[in-house]
Amino acid sequence: MMSTEHGGTGGNVGYAGRPRLAHHFADLEQQYTSGKLGIWLFLVTEILLFGGLFCAYAVYRANHPEIFLYAHTFLDKTLGGINTVVLLFSSLTMAWAVRAAQLGQRRLLMALLAVTLLCACGFLGIKAVEYNQKWKHGLLWGKRFDYESVERHAAEAHGTTAAGAAATGPAEQAPSVDASNVPPSAVGPGGLAAPAPAPPAHADAARAGPVPRNVHIFFGIYFAMTGLHGLHVIAGMVVIVWLLVRARRGDFGRNYFAPVDFGGLYWHLVDVIWIFLFPLLYLIH
Amino acid sequence: MSNGWSLTAGFSALLGPVLLAQQRGDFWLPQRASSEAGAVDHLFYFIFGVSAFFFLLIVVLALLFVLRYRRRPGREVEPSPSHNLKLELTWSIIPIIIVIVIFALGFQRFLDMATPPANSYEIQVTGQKWKWFFTYPSGFVSDELHVPVDEPVKLVLTSEDVIHSLYIPAFRIKKDAVPGRYSTAWFRAIEPGQYLLLCAEYCGTGHSDMQTWTVVHEPGGFETWLAKASNFLDTLSPAEAGERLYKTKGCAQCHSVDGAGGIGPSFRDLYGHRQALRGGAEVTVEENYVRESILDPQAKVVAGFEPVMPTYQGKLSDREITAIIAYLKQLASGAQEVP
Amino acid sequence: MSTTTDVSGTPAALGENYLNCAHGLRSWLLTLDHKRIGVMYLISILASFFLGGVLALLVRTELLTPQRTIVDAQTYNQLFTLHGAVMIFLFIIPGIPAALGNFVLPMMLGAKDVAFPRLNLLSYHLWLLGAVFALASIVLGAVDTGWTFYTPYSTTTGTSVVAVTLGVFILGFSSIFTGLNFVVTIHKMRPAGMGWFQMPLFLWGLYATAIIQILATPVLGITLLLLIVERVFGVGIFDPALGGDPVLFQHFFWFYSHPAVYIMILPAMGVISELVSVFSRKRIFGYKAIAYSSVAIAVLSFLVWGHHMFVSGQSALANMIFSALTFSVSIPSAIKVFNWLATMYKGSIRLDTPMLYVLSFLFLFGIGGLTGLFLGALATDVHLHDTYFVVAHFHYVMMGGTVIAFLGGLHYWWPKMFGRMYSEKWGRIAALVIFVGFNLTFFTQFVMGSRGMPRRYYNYPEQFTPYHQLSTIGSYLLGAGFLIVAVYLLHSLVAGRPAPANPWGASSLEWQATSPPHPHNFAETPALRDPYDFSDLVYDPATGNYAPAKGADA
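Protein chains in written order, with the numbering used here: chain A, 1 to 285; chain B, 1 to 339; chain C, 1 to 554.
No lab work stands behind these hints: they were computed from the structure.
Honestly, I wouldn't trust all of these hints.
What the hints assert, rightly or not - Here are the computed distance ranges between Cβ atoms for each label pair:
| # | chain 1 | residue 1 | chain 2 | residue 2 | range |
| --- | --- | --- | --- | --- | --- |
| 1 | C | Asp530 | A | Trp40 | 58 to 64 Å |
| 2 | B | Lys228 | A | His137 | 58 to 64 Å |
| 3 | A | Arg249 | C | Phe233 | 40 to 46 Å |
Claimed, not checked - Partial selection, computed: residues in chain C whose CB lies under 7 Å from chain A:
| # | residue |
| --- | --- |
| 4 | Leu180 |
| 5 | Val183 |
| 6 | Val184 |
| 7 | Leu215 |
| 8 | Pro218 |
| 9 | Gly221 |
| 10 | Ile222 |
| 11 | Val232 |
| 12 | Gly236 |
| 13 | Leu242 |
Only a predicted model underlies this, so the values are computations on that prediction, with no experimental measurement involved.
Don't be surprised by glycine CBs; every beta carbon is placed ideally from N, CA and C.
Okay, chain A solo, but in the shape it has when bound:
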């Protein structure tokens, strides 16, 4: 993706060991290091892109920890854990693939790329299972969140009457202000600025009692973050397929392995983002 050979018509026919130098670069070294810097800058933009979502997560969790504590119990830690292992393993195979490309080990490279691809498929498969579960139970975003069904299950599970009304009602007093004479800026009728009630003592107890107001916010964030991540996994799979095709053609070798290297870096970022997503969404304590 970031490679820069000036192929003209782009018909590269297995030229491992005889890499093309783009006309505007002085030498292969410059070409390679430019590509490297380019992919790193692209990864930085991806971090900023996800950063916005992490920011939204932070803001909402700080203001309403009870929502996150309650809602995350609906996520399957086991499946999430498996996905984490799967992605970590795929990063290993990807890094190894880069090594294989550098050493000109064509068969090994293809095998490793294929395994990485399989891991990605596995990841998406598990995510599909999870998404399906959520869909069936009405654990969705915004207005689509099925409060009735969730409250019913909560009542059945804990034998309490789900009154429908929230345990966390609208804020009745202003958030406490520090000693300055600045008046509180935002006290709301149950809006975001409303202070959060104390969260339950144990995570297990998180599901006891009535469903917190606006618990759908968690799922909105969950789907936005994992959805965007999933899209990036798919994009990564497209890249890996392309690398496989080129590997089969024998394009990569000691003198030319940049696309595998750069694709690998992208894949590592996809993995790293999941490493953050997993504890933040699944392992809230």
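Since chain A is already given, all that's left is putting chains B and C on it; use the hints.
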């Protein structure tokens, strides 16, 4: 350069108080009708003086250089350094000091503007496309902001729909009204009169029409007004009271009185006429139908309109409904609109 | 026949150059030549500027009278929204980097192209795609939210918000990839002997801009994605009824959009650094200060977004921090202005059209920057926020700053890009008309604003009528000025005097190429030289060319 400094100082010292002594507006700023306006304007003119000084400096120097160093045949470029630490530090440090001063003044005055006195008279403000509603402590709702002179007033703002912003230029106050939360602003009016109150956050088609008046009463005048206005059911004729309710209870958003189309049927020539309903039936618009339409609006909806009217069950008393009916009768009889 | 680096001044318009070396639409739309990409961008953004300008004139015409003049309220709201969105996302953000930077940057480095030519082409096609989406919204129900898309209005209005935001999202990637390309090019493709502090300052400006493009634009991307998701799926992140926070949108939005305004001004400042030096025929004063200021502005620009939200209900502490940081970002800009003035001191100043734009810039950006002080101070901002004072402020910096500098740069590099000289007489006339028209249009708006005239108003209180009328007259004059520029520039393409390699006596490397350049920029590697040393360049009246006194002839 020291000439410039004394110029600025002189400007602020002499012209400033001269300008600020008058409470009526001047070239740049509207009338000063609140206790904080003077401080805001003083800062405005201070920044203005600083800006004018630096702007003139830049322009005059540029013109001077162009004239003096214009390329002429035979004239060589005089050697001069392309770097001068002392000069560069000077023109970095002096602006830094100036902006620190401006920042400090701005922040300090802002804190005063943001801190309502403890005994402020509180008025709830609701913005709704495209009208302002002011709820006084008695519960009375008006579409104008009435306040007593020389008393601190605290506004508690919110919105029913999108973000609006309450702006009274003469008081130099502005605060966003955000749905789902409350925000506050305060002022102390120092001059009786009427001042424009505008919406300053774009909110759709009627944004520029979302204006009303801030009426500052002479001492004693506010209480009189409030008593009279609150008891408008007693003090006004039923039709006049009905018109007041029409304007302040949200009817005007959807029902015009001049025949213009809207979300709901126009009230002109409505009472006493037959109306076709959704579903085919017909009805004559009389007292019972009007009362039913207010309390249970989905029961009989006029043909050609959507069933979107909210119910006023619990929001309008029987006396108020009677007043509204009187108003509708008046509209249909062709009588002049109540002044 | 001259494909060699031609310092004798023989016009190369007759020889083989990047314009005539290949023909047909495909050779343009599929080109990998940064110069052709730059020219395509130039045409595209100028077309956008024209569209945005027409919209502006419609807005100003409506404002001739306090009530309805030519359109109804809904249409008016759509007009000003489209004016803002087109001008910002289609014209000024790509602006100088895409139209001038693409052409000049590699040549200033003596290079043959940017680091990633195919990515460059992709950037351009993304611009086209984004433009299609954004403009498609016009027929689908033109957006009426203002270019700032504040929630909850933007999540509940019936107009085609999704189409426009998708378009802007795509345009964001165009911007990111351009920035990425420029950073890598400047890092990796400087010739041996050109260290960071031997680069022309225009490249520092483009570099600082590119940093912002890379870091800030993705945040706009996610913001718009969230807006789209909110509208389409009702997620509730910005909807108070669902526990969301409409003010959070403002934080996200301005986190990009404030740095974005420095994307607009930093390249412009880079252009001014070049022009003031060349047309004073004197080394730029305070090179390092200007270079560091560019980076400082880029960094500080990320820390001030809250100054758009002083009355939104954010805490006094937040207000204080943002106000303080806002003042800090004004200092590097002030430093640059003083450095430019000092460059003119004891120089040898020629009032060619590009220099007239430099003087315009100093005047207009001076006002624009100084009026930022009123807005950065909390107490005065409460009164001035969302009034015409703000509108005037940003037009003074964006148009009086960036557009003026863009015109200066366009006139400066025009001979290089197209091998033609334009009419100097008409250049000066147009510059004057634009200057007068601009001030008439926008200075009145400062007064209106401080007197309490809010922005985005279809109807307005009667007392503002004379100001609005003056402003509208000014806008027509301004439009006329731009039309004049368009006419004589286009005319020069067919009938302008063929341009020599170095008509201005500049010292950066692009002036060693022919005008227009060879397809690969330089037939021979250009001789490295100090970009601000003009002392050895001698003017030849016969050709209108400057060449090194001891240099070889063709």
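Evaluation of the provided hints:
1. At about 32 Å, the beta-carbon gap between Asp530/C and Trp40/A misses the expected band of 58 to 64 Å.
2. The hinted range of 58 to 64 Å is satisfied by Lys228/B and His137/A, whose Cβ atoms lie roughly 59 Å apart.
3. Distance hint for Arg249/A and Phe233/C: a CB-CB separation of about 42 Å, consistent with the stated range 40 to 46 Å.
4. Of the supplied interface hints, the one on Leu180/C holds, with its beta-carbon coming within about 5 Å of a beta-carbon of chain A, less than 7 Å.
5. Nearest Cβ of chain A to the Cβ of Val183/C: about 6 Å, under the 7 Å cut. The hint holds.
6. Given hint, Val184/C at the interface with chain A, holds; its Cβ is 5 Å from that chain's nearest Cβ, closer than 7 Å.
7. Look at Leu215/C: its Cβ gets to within about 6 Å of chain A, closer than 7 Å, so that hint holds up.
8. For Pro218/C, the interface hint holds, the least distance from its beta-carbon to any beta-carbon of chain A being 4 Å, beneath 7 Å.
9. For the restraint placing Gly221/C at the interface with chain A, the shortest Cβ-Cβ distance is roughly 6 Å, inside the 7 Å limit, so the hint holds.
10. About 3 Å separates the beta-carbon of Ile222/C from the nearest beta-carbon of chain A, less than 7 Å, and the hint is met.
11. For Val232/C, the shortest C-beta to C-beta distance to chain A is roughly 11 Å, which exceeds 7 Å, and the interface hint is violated.
12. Checking Gly236/C against chain A: minimum C-beta separation of about 4 Å stays under 7 Å; hint holds.
13. For Leu242/C, the suggested interface contact is upheld, since its CB lies about 6 Å from the closest CB of chain A, less than 7 Å.
Violated hints, listed in ascending order, are 1, 11; each of the other numbered hints is respected by the structure.
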